[in-house]
Amino acid sequence: MSKLEAVRRDLEAALGVDEVLSDPLALKLYARDASIVEGVAGLVVFPRSVDDVSACLKAAARHDLPVVPRGSGTGLAGGSTPIGEPIVVVTSKMDRILEVRPEDRLAWVEPGLFNLDLATALKGTGFTYMPDPSSQQVSSIGGNVATNAGGPHCLAYGVTSAHVLALDVVLPDGTVERLGAEGPESAGLDLRGIVVGAEGTVGVVAGVCVRLTPEPPVIRTMLLDFATVEECAATVSAIIAGGVVPAALEMMDQGIVRAVEAFAHAGYPTDAAAVLLVEVDGVAAGVEAQAHEVESAAHANGVGSVRIAESPKERALLWKGRKSAFGAIARIAPHYHLHDCVVPRTKLVEVLLGVYEICRDEDVVVTNVFHAGDGNLHPLLSFDRTEPGVLERVLRASDRIVRLCVDAGGSLTGEHGIGLEKRDFMPLVFTEEDLAAQACVRAAFDPEGRMNPQKVLPDGARCGDFAVAATGRDAREAIPEGTWI
Amino acid sequence: MDLTEVWSREGLRDALRDAGRDGRRVSFVGGRTHLAKGQPSDVDLELDLTGINHVVAYDPPEMLAVVEAGMRIGTLRAVLAGGGQEWPVDAPEEATVGGTIATAPSSPRRLRMGPLRDSVVELELVTGDGRTIRSGARTVKNVTGYDVHRLATGSLGTLGAIVQVGVKVRPLPRARRLLVVEGGGLELGRRMLATVPLPAAVVATPDRVEVASEGWPGEVEEQTTAAKTAAAVVVREDERIAGDEAIDAPVVAEVAVVPSRLDGVLSDEPDWRALVGVGIAWVGLPDDGERLARLRRRVAEAGGIAPVIRGPGGLGDAPVPALEVHRRLKAAFDPSGILAPGRFWGGL
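Chains A and B, in that order, give the protein sequences.
Here the numbering used here is used: the first residue of the first sequence is 1, the next is one more, and so on.
Here the numbering used here is used: the first residue of the second sequence is 486, the next is one more, and so on.
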């Protein structure tokens with residue numbers, strides 16, 4: 001009996017036959033996330049409780065099989081692509097809100113809960129969960145934790161890590177630990193801070209204690225349009241230099257505005273070279289002062305028009321335009337490859353113009369929608385996979401874009417993660433010693449190297465003390481042939 | 486015990502490698518303002534890092550500052566003020582940036598500014614065996630690799646020496662007021678928190694409540710008006726809110742529990758400052774150990790911790806989760822075990 005067959009029987013006994021899938025269709029469905037990488041799943045399981053997750057990891061340990069945690073599968077970097085026929089542990093059926101405690105400004109949720117469902121459930125409490133990735137309708141809180149997800153409102157409020165107080169984590173040997181605390185500090189090292197953003201490589205998050213943030217009393221949303229991207233980007237810098245930290249500061253170029261407008265009908269100006277969506281919030285007088293600064297910065301940089309959302313409905317419409325960008329681009333071409341680099345804010349124009357040049361050079365259609373306030377670029381390369389040679393051009397352009405961002409003093413990823421797609425770029429930003437130290441951190445949680453193999457760290461990154469345990473495993477060899485499609 | 490001043494990363498590396506070879510135990514010192522935090526630990530050598538103190542990169546529009554970690558908080562404050570900004574961590578002027586990050590104290594303005602750990606975006610650590618490793622990036626948002634800086638923050642110098650950091654900074658408030666309400670107690674504190682929109686801090690003590698109002702001038706005015714609807718308020722223009730330094734006691738413990746459990750923990754205590762809405766309270770205690778033990782029993786029942794930050798008393802014996810993971814991390818970063826043995830939680 002194969003190892004997979006043996007573990008299937010164990011898990012069917014522990015979780016029930018309906019929660020364990022091994023038919024070819026299921027394996028195919030879970031062979032990829034929202035990236036362009038495809039792998040091969042060994043077995044797909046659907047735990048319903050912390051105990052179930054623990055049972056999965058104990059079985060995996062017993063049979064020496066790799067494990068890939070997965071939420072909604074909306075990851076864009078291949079972080080939950082199964083490599084080496086692992087057990088794919090899908091947390092989608094763990095989607096309850098367990099408790100909401102406004103008096104302690106926290107809520108406990110299961111990892112499979114959709115981000116937006118939490119925000120919706122909190123309506124009326126006076127509090128909200130701030131991180132709002134554009135995927136929030138379908139991405140899970142557990143997945144958000146794994147990638148330390150961002151979103152437009154992270155400019156003022158911080159990324160996911162700032163909104164996670166504690167995690168119930170199932171370690172690779174199946175033991176359950178609560179990392180962090182409901183209160184403001186905990187005993188020991190900030191292991192919570194390692195698990196957030198570890199892309200499922202150190203354990204499976206089975207419970208999340210999120211921090212609730214008071215809803216701002218007043219919100220003002222503005223749409224500014226510009227005749228050039230330079231003026232638009234200069235306005236971003238001027239706003240920040242003016243001492244304003246907007247709640248959100250999003251930039252969209254003409255290509256994406258046109259695609260969005262045809263789809264969302266938000267009233268975005270399609271003749272502008274770029275638009276800025278700016279939101280300021282806080283107490284009324286503070287919002288007034290910030291809005292004034294924003295408008296001054298815009299006028300000083302040649303803004304065309306300033307549209308202020310006059311009602312919650314209009315605000316929602318303006319945001320619909322921004323958040324439906326990735327749905328709208330299907331109008332350009334059937335496939336896309338979305339990038340996620342962060343550069344210093346002051347290099348935005350330079351890098352953006354560089355991205356246009358690279359894509360012109362490689363003959364790839366590019367549109368841009370991004371978190372300008374954070375310096376977080378999202379060049380979106382659109383293509384039709386059936387066109388001969390196009391994938392090679394897209395991948396070459398992608399490679400050049402990553403290098404351009406790093407050369408500008410930036411980082412490989414702001415909020416999507418390293419996953420499989422960017423792990424081989426890691427030596428561009430870290431030394432061998434840096435990567436070895438990171439390998440040690442990973443190995444401290446997972447000495448046998450069974451959690452989400454092949455992800456985040458490039459081949460060759462080894463923690464000296466733990467190297468023996470981590471070598472000689474199938475799953476840790478080079479990416480299997482044919483994983484790129 | 487010997488004291489050696491180091492002036493460079495190379496000097497630090499050599500000192501650590503020598504100490505490792507000779508089996509000498511080492512601790513790192515900066516401004517000596519936060520040394521009380523930690524379990525007692527005997528060392529043979531102190532390495533003074535205040536000589537590693539230059540500005541590496543500071544461009545105000547980036548809202549980030551990269552500095553060497555031996556820099557004094559007062560120096561950093563002056564550098565950032567030149568750009569109209571601040572690192573919103575309220576530590577003593579003579580403390581070093583690295584020492585402050587290594588001990589991760591809570592600031593009175595934590596309610597609005599968040600914990601210190603979320604402001605550190607890049608960090609360079611020299612490990613116990615002298616390797617220099619960097620994590621994070623000079624961008625406000627980043628998910629590239631494992632955040633070793635999260636481990637170093639609050640590690641009390643037991644994983645390595647913090648030699649350089651990138652921190653998020655923010656605009657200095659245009660206006661600042663301290664709103665003082667006579668009366669005191671957590672209940673009144675919660676009332677002020679519910680009444681004043683988005684204050685920087687609400688600090689309750691047994692006999693008064695202080696509300697830190699800061700931001701745009703109109704914002705401060707609006708917060709003041711709101712405060713006056715709830716209580717009689719004395720307005721102090723341009724005054725900063727105080728932290729634990731306002732407590733005059735031989736021993737000060739920093740209690741951390743969920744906000745709703747503060748009442749039970751503080752019910753019999755006469756001397757405290759509590760961060761309403763946060764769950765931090767600084768409690769002044771006599772130097773007899775007994776009162777600290779009683780406080781810690783109550784804090785443990787409330788699921789929290791109460792490390793001492795001034796005077797004797799150490800961290801307490803709260804259980805450390807995933808102790809095996811902690812042990813492996815310590816072994817990886819300090820393989821000879823020379824960095825302040827036993828100072829950290831869990832006897833590490």
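It should be emphasised that the hints constitute simulated quantities derived from the structure, not laboratory data.
Please note: incorrect hints may appear among the correct ones.
Distance condition first, Cα-Cα at most 35 angstroms in a straight line; then the derived DSBU-like pairs of lysine-lysine [as the list claims (entries may be wrong)]:
1. A:K123 / A:K3
2. A:K347 / B:K713
3. A:K28 / A:K347
4. A:K58 / A:K123
5. A:K93 / A:K313
6. A:K28 / A:K3
7. A:K123 / B:K653
8. A:K123 / B:K522
9. A:K58 / A:K3
10. A:K313 / B:K713
11. A:K93 / A:K347
12. A:K320 / B:K522
13. B:K522 / B:K713
A quick look at each hint next to the structure:
For a cut-off of 35 angstroms, the pair hint linking K123 (chain A) to K3 (chain A) is broken: about 47 angstroms separates their Cα positions. The straight-line distance between the Cα atoms of K347 (chain A) and K713 (chain B) is roughly 46 angstroms, outside the 35 angstroms bound, and the hint therefore fails. Pair hint K28 (chain A) plus K347 (chain A) does not hold up; C-alpha atoms about 42 angstroms apart against a cutoff of 35 angstroms. Pair hint K58 (chain A) plus K123 (chain A) does not hold up; C-alpha atoms about 39 angstroms apart against a cutoff of 35 angstroms.
Restraint check for K93 (chain A) and K313 (chain A): satisfied, since their Cα atoms lie roughly 33 angstroms apart, inside the 35 angstroms limit. For a cut-off of 35 angstroms, the pair hint linking K28 (chain A) to K3 (chain A) stands: about 20 angstroms separates their Cα positions. Our distance criterion of 35 angstroms between C-alpha atoms is met by K123 (chain A) and K653 (chain B), whose separation comes to about 31 angstroms. The straight-line distance between the Cα atoms of K123 (chain A) and K522 (chain B) is roughly 41 angstroms, outside the 35 angstroms bound, and the hint therefore fails.
Distance restraint check for K58 (chain A) and K3 (chain A): the Cα-Cα separation of roughly 14 angstroms lies within the 35 angstroms cut-off, and the hinted pair is therefore satisfied. The straight-line distance between the Cα atoms of K313 (chain A) and K713 (chain B) is roughly 34 angstroms, inside the 35 angstroms bound, and the hint therefore holds. Distance check on the hinted pair: K93 (chain A) and K347 (chain A) sit about 43 angstroms apart at the alpha-carbon level, beyond 35 angstroms; violated. For a cut-off of 35 angstroms, the pair hint linking K320 (chain A) to K522 (chain B) is broken: about 49 angstroms separates their Cα positions.
With a C-alpha separation of about 39 angstroms, the suggested pair K522 (chain B) and K713 (chain B) falls outside the 35 angstroms cut-off, and the hint is violated.
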